[in-house]
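Novice: As you go down the protein sequences, you meet chains A and H in turn.
According to the numbering used here, the first sequence is numbered sequentially starting from 1.
According to the numbering used here, the second sequence is numbered sequentially starting from 1001.
FYI, nobody ran anything at the bench for these hints, they're computed from the structure.
C-beta atoms are modelled at their ideal positions from N, C-alpha and C, and glycine is treated no differently.
Be aware that a few hints might be false.
To give a feel for the contact side, a few chain H residues facing chain A, derived at Cβ under 8 Å [claimed, not checked]:
no.	residue
1	R1031
2	A1032
3	G1037
4	P1137
5	H1171
6	N1189
7	S1228
8	I1233
9	A1234
10	G1273
11	S1277
12	I1287
13	G1291
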Amino acid sequence: MRIRSMLAASAAIFACAFSPLTAHADTAGKKIALSNNYAGNSWRQAMLTSWDKVTKEAVKAGVVASADAFTTAENQATEQAAQIQNMILQGYDAIVLNAASPTALNGAVKAACDAGIVVVSFDGIVNEPCAWRIAVDFKEMGRSQVEYLSKRLPKGGNLLEVRGLAGVFVDDEISAGIHEGVKQFPQFKIVGSVHGDWAQDVAQRAVAGILPSLPDIAAVVTQGGDGYGAAQAFEAAKRPTPVIIMGNREDELQWWKKQKDASGYETMSVSIAPGVSTLAFWVAQQILDGKQVKKDLTVPFLRIDQATLEENLKTTQKGGVANVEYSQADAQKVIAEAK
Amino acid sequence: MTRLSPQAIRLMIPVLSLAVLLAAVFWLQPRAMSYMGMNLLFNLAVPIALATIAQMLVIAVNDLDLSIGTFVSFSACVTAVYLPTAPLVAVAILLGAICVYALIGILIHLRDLPSIVVTLGMSFVWGGLAVLILPSPGGQAAGWLRALMTASTPFVPLAIIASVVIAVVAHLLVMRSTLGVAIRGIGGNARSVARAGWSVMKIKAAAYALSAFFSVLAGMALVGVTTSADANIALRYTLLSIAGVILGGGEFVGGRVSPVGAVIGALTLTLAGSFLSFLRISPDWQIGAQGAVLIIVLGLRLLLARREA
Chain A
1 MRIRSMLAAS AAIFACAFSP LTAHADTAGK KIALSNNYAG NSWRQAMLTS
51 WDKVTKEAVK AGVVASADAF TTAENQATEQ AAQIQNMILQ GYDAIVLNAA
101 SPTALNGAVK AACDAGIVVV SFDGIVNEPC AWRIAVDFKE MGRSQVEYLS
151 KRLPKGGNLL EVRGLAGVFV DDEISAGIHE GVKQFPQFKI VGSVHGDWAQ
201 DVAQRAVAGI LPSLPDIAAV VTQGGDGYGA AQAFEAAKRP TPVIIMGNRE
251 DELQWWKKQK DASGYETMSV SIAPGVSTLA FWVAQQILDG KQVKKDLTVP
301 FLRIDQATLE ENLKTTQKGG VANVEYSQAD AQKVIAEAK
Chain H
1001 MTRLSPQAIR LMIPVLSLAV LLAAVFWLQP RAMSYMGMNL LFNLAVPIAL
1051 ATIAQMLVIA VNDLDLSIGT FVSFSACVTA VYLPTAPLVA VAILLGAICV
1101 YALIGILIHL RDLPSIVVTL GMSFVWGGLA VLILPSPGGQ AAGWLRALMT
1151 ASTPFVPLAI IASVVIAVVA HLLVMRSTLG VAIRGIGGNA RSVARAGWSV
1201 MKIKAAAYAL SAFFSVLAGM ALVGVTTSAD ANIALRYTLL SIAGVILGGG
1251 EFVGGRVSPV GAVIGALTLT LAGSFLSFLR ISPDWQIGAQ GAVLIIVLGL
1301 RLLLARREA
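Here chain H stands alone, though its shape is the one from the complex (with noise of 0.2 Å):
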């Protein structure tokens, strides 16, 4: 018998628990099990998803980023007020604060700041801002992003295609290419990092550059799904990130995340809502069944995870 690599074991929680979800969503609403339910289950997780690799990325290096959720709602707000009209501006825009995310992981760097207060600062900053563009909801999604988030793909529904792909770009991105290794090596030993010749710097910045490309995806996502934007749109992004990359098989520290797994964690909290509320659970019970979900799986992976040692 071949033994599983750490790799695969760590990638089983997640799998197993948003297999267990599906099935029980499935006899729960049979209705569910079809193309059009797919893609109703799953189409608001292609944001969370994207959000969450976002997280994931600031995770590897050790960091936490607390302004996903307001980032991602000033990206939302961009998209749906400059990109039909001005998509210039727009991209200009998106690449300008994608460089402030750059600046702030060099700032964090250099004065060996901590990342949460750091990020909690600018989630005012992203707020106000996003406020600024958007004072009242509104704005709306560009005709080709509409057309792709709610293209009518053969067979298999787009949300659970969206979500495969994201999983496999961040995968060879994070698991395969040079600056993932790197990456991930910064979270697992920085100094050894900058003694093979690196510069830690620039790595950080690159991994919080790369996080706000996505989370930009993720804002972008959201409009082509909602079809506009809300200054406060995805506010809960910020926590469901975080729980999203735990899930998949993340660690807060040790540069040891999981892109697969991080996309299953976002699948599966967003089937989580859709299953208590199915049970018809009253919704003053909901956070807590929900936090009840989440407290499960990782229970099981700390079991596992000393039968791994």
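The following block holds chain A by itself, in its conformation from the complex (with noise of 0.2 Å):
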């Protein structure tokens, strides 16, 4: 009898000793899946490596049993039907999921769902209910920027829009959040719109053409790989160079910080960093641990300032983009934000 309560007190404070290492211990077993239909640019690259990085730790320090990455050949909703209904049947206890549909997905979703796996959907979200959605807010991305030139310009000025690929949602909403900036704070106008296509090359030329018939530029308002080919137009014009909003690509950070170096500029660069599916991650994680958690969630921005500028360039690849990983407490702060 003295034996056995000495153990169980002993137990209890190896319990106490361990328990930050093993306060998880709830998910140690389970086997988190990443579904992802396409492996083809620098952004997806740097969302496996990601990936890759944070859940071998993850699973180095015993909080999940293994993490795997699957990409399907082809980028074919059915093809990546297939492939979940092959992690149903490999027992996966969590999918996390970048669709290359929205809805071509629901059934295969459901199955698993009904299989009792959490599906967490991720950048390509599917509407299939039973499935988590991390979404990225590209309205207040927008909105987001007229703000902060708020602050940087109180007294307002003109701006110049550079939009992204006609037709595409993304653009739409993140024009929508602009606009809606501009409202709040009519101080702003909106002298000039192109589309930059989110390629410096494309904005450089759509920019200069617009230039001349435009008045004095206050400020440039973007959607993320454009920034640095507007501040080409502009010098290549010699018209004084406006607060150009950035969008994290490392050309576009190399150009700030010389700037910035030679003349104090000053401005902020905003995108969405690849590394959210290892927040997708930690929310399957929380999710399997038995955390409630709401369907929608929406990704943080990945928003660097003057101060954070050198440090963010240091860890960005030449000809990538600014990332970042997340840890489980991010994802714990953004299922918190959601309630």
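Join the two chains into one complex using the hints; note that each chain is given alone, in its own frame.
Specialist: In structure tokens form, the structure reads like this:
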């Protein structure tokens, strides 16, 4: 009897001593899979690398049993649906999903839910109600740019808007957000709008084309991947460089750094980090851990300010996008904010 | 010892390869050996099997249809958009599309055009129409369609029953009916069919219309499985259907096709994908590995065909 109680006591001490490590023992035996539809650009590559890095550590720490990544060979919904059905058979407890189509995977996602599997979609989200969605609030991304400008330029002024690829949902959303911001801060006025297609060369040509017809520009609002091109166009036209919002691309940050060192140029940069896959991973882990999580969550933006420029630039690969890997605490914060 | 008919020999390789693959999948993933497992493995094969039968009908008349993928996508979009709310409109559009297919068959016959070129052109038409009908992914499966595709049948999963039904119906249609014989006859020797008093044009139109009918069924089955559509949902089906026909013992010329083999070919292709993903082959290699599976099976067939000769 005494031995048993001693054993129990020492076990309790052990449990206390190791509680920070074993607090998530609930998910230690769980298997999470990443179903990804496409790996053909630098953003997706960074996304997979982040997943690999963060999940490897999580597996090593015993938070989950495994976290395998699968990418379909062709970016096709039917192929990804088959992939998800295979994952059900392989006995995964959660599937983290970047979907080829918001609707065409619903049958497979429903089958996974019915089998008791947690499905968390991110970036390319699915609209099947039983799945969780970690979506990007593109509207807020646009609005926050104008909000930042209202602090930088309290007096307001003329804005030039560089938009993305015409007819794409993301472009409409960001632009709508920017216009909402202008309504909120009426000291700003959009005097020109061009499509930069999220590419520096296209943006440069488009801005260079419209510049001669424009009055003084106080700031340029952008969508990412177009800030450097816009800056080049202003330089070529020998016009004073306005405040150009950047989009976390490496070339944009390099240019900003150069301007900052030369003349104390100030701006900010905002986009979505490819490491959002790791956020989805932790959200799935939290759900498996029994946490109550709302079905619709929002991805935090990765915002780079004057003070954090150097540190972000250091970790950004040449020709890549600034990235951040999320931690369990970040996921808990996102979950708490959604409540 | 009774000699096997050439048809049976032709069917042997596809059956064997399916059996070997199935055994391998069961060995890798014993969980698949269950009612639910079989359904998950094969429910996406049902639309592929239908599309393969569609392709087979065109191949039977020595043509090739490169628009099956986009046409199935188009049918899926029509099904997802109109069938739940305006079933009559959906039926009208799909019947119209079948008529268009028949006209394509007539056009190819009359002008003696290469079917590859015509159907490749049509693939852009169907793709454009699909986007027009469903600009952004969505729509929904009609209740009865969803219920049909997810019905839990006793003992044998629906996916297997559906495959068997498709195989039997296609077999009766192509191997036993007069029309089927005429269609295969055109593939074998169009002139002798014409001399026998048949209208080659009518038969070709019928073959294309039948093919379109099976493609429409494929689109509907696909929506039933996925619950909604996307203008690009079935683009893979063009190549999958051709591979399925050949894998199932069909040949590009001569009207030598096997409906049962085609269905088995479609199942084999679907299973090959699952097999490779259970093997944890990196996605970069999967397309190559899938190709390797195809080449191995076709190589076996070639060996057997020599023996046969």
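Novice: Would you check whether H:A1032 satisfies its interface hint, that is, whether its CB is within less than 8 Å of any CB in chain A?
Specialist: holds, 5 Å
Novice: Have a go at the H:G1273 hint: is there a Cβ in chain A nearer than 8 Å to its own Cβ?
Specialist: holds, 6 Å
Novice: Tell me if the interface restraint on H:R1031 is satisfied: Cβ within less than 8 Å of some Cβ in chain A.
Specialist: Holds: closest Cβ of chain A sits about 5 Å from H:R1031, inside 8 Å.
Novice: Against chain A, run the beta carbon of H:A1234 and see if the smallest gap drops under 8 Å.
Specialist: This interface hint holds because 6 Å falls under the 8 Å limit.
Novice: Does H:N1189 pass the interface check with chain A, least Cβ-Cβ distance below 8 Å?
Specialist: violated, 37 Å
Novice: Should the hint that H:S1228 touches chain A count as held when the rule is a Cβ pair under 8 Å?
Specialist: Holds, because the Cβ-Cβ distance from H:S1228 to chain A comes to roughly 4 Å (cut-off 8 Å).
Novice: Answer holds if the nearest beta-carbon of chain A is closer than 8 Å to that of H:I1233; otherwise answer violated.
Specialist: Where the cut-off is 8 Å and the nearest Cβ of chain A is about 5 Å from H:I1233, the hint holds.
Novice: Quick check on H:P1137 please, does its C-beta sit within 8 Å of some C-beta on chain A?
Specialist: holds, 4 Å
Novice: With a cut-off of 8 Å, does the beta carbon of H:H1171 approach a beta carbon of chain A closely enough for the hint to hold?
Specialist: violated, 26 Å
Novice: Would you settle whether the hint for H:I1287 is holds or violated, based on the nearest Cβ-Cβ distance to chain A being less than 8 Å?
Specialist: This interface hint holds because 5 Å falls under the 8 Å limit.
Novice: Is the interface hint satisfied for H:S1277? The criterion is a beta-carbon contact with chain A at less than 8 Å.
Specialist: Holds - the Cβ of H:S1277 comes within 8 Å of chain A, reaching about 5 Å at its closest.
Novice: Identify whether the interface hint at H:G1037 stands, where standing means a beta carbon of chain A within less than 8 Å of its own.
Specialist: Holds. Min distance 6 Å.
Checked against the numbered hints above, the structure violates hints 5, 6, 13; every other hint is satisfied.
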